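S.K.: Numbering-wise, our numbering comes out as the position in the sequence shown, counting from 1, plus 156.
Calculated directly from the structure, the hints in this document are not laboratory data. Please note that the accuracy of each hint is not assured.
Below 20 Å or equal to it, Euclidean Cα-Cα: the simulated EDC-like pairs (lysine to aspartate or glutamate) are [said to hold, decoys possible]:
{"no.": "1", "residue 1": "K309", "residue 2": "E290"}
{"no.": "2", "residue 1": "K332", "residue 2": "E284"}
{"no.": "3", "residue 1": "K294", "residue 2": "D310"}
Between beta-carbon pairs, the in silico distance windows are [stated by the list, open to error]:
{"no.": "4", "residue 1": "S181", "residue 2": "T264", "range": "20 to 30 Å"}
{"no.": "5", "residue 1": "L319", "residue 2": "R251", "range": "41 to 51 Å"}
{"no.": "6", "residue 1": "R251", "residue 2": "L305", "range": "14 to 24 Å"}
This structure is a prediction, so every number in the text was calculated from the model and none was measured. Beta carbons are placed, not taken as given, at the ideal position from N, Cα and C, and that holds for glycine.
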Amino acid sequence: MARHGEQAFDLSSLLSTPIQSRISSTIVTAMLSQHPFLPIPGALNIRDISVPPYIRKGLIYRSGALEHITPAGKSSLIEQYGIRTIYDLRTRAERNNGPSPDFEGAKTLWIPSTADSGTGVRVMNNIEPKNFIEEDGKMGFLKMYTSILESHKDAFRAVLLHLRDREEGGVLFHCKGTAVPKS
157 MARHGEQAFD LSSLLSTPIQ SRISSTIVTA MLSQHPFLPI PGALNIRDIS VPPYIRKGLI
217 YRSGALEHIT PAGKSSLIEQ YGIRTIYDLR TRAERNNGPS PDFEGAKTLW IPSTADSGTG
277 VRVMNNIEPK NFIEEDGKMG FLKMYTSILE SHKDAFRAVL LHLRDREEGG VLFHCKGTAV
337 PKS
């Protein structure tokens, strides 16, 4: 059972909710406020994706939308989690619609994807919903992550060089996400 305030939510029944069904913002907020997600005010879907012992905990984070992050959320990312570099993986159009916020104490880098630079593959090209049914979804996720790696190869190269060169602080991948639910 997951808890939010005085309410309890059954995670297994939530996970079996059909994708077409709307889940209340109260439940979404409660679920995204628990491990493995970090409680960052105004941000969505932030979690540590480091893989000990290969990549030390607290080094690489992933997030969805940051457009609504609060000053307290920014401060938490910098001070509590040690983020010093944010890689914005969104497209040029996504950035134009929701510019990256400024973070005092961290730099934000945007390295165009192959879709934005005109040099190759569109993100999520040739991925269909049926791919997430085959083999319990393995093919869908394999295609999706392969597409992301191909289309954002320059950004991932920059991150790997960052890690190789042991630059200071943590790294955050910032990509498109859904708006933060309103209570």
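S.K.: Compare the structure with each hint and give your call.
M.R.: Cross-check of the supplied hints:
1. K309 <-> E290: violated (27 Å)
2. K332 <-> E284: holds (19 Å)
3. K294 <-> D310: Not OK: K294 and D310 at ~25 Å, beyond 20 Å, violated.
4. S181 <-> T264: 20 to 30 Å: holds (28 Å)
5. L319 <-> R251: 41 to 51 Å: violated (24 Å)
6. R251 <-> L305: 14 to 24 Å: This hint holds: roughly 20 Å between Cβ atoms.
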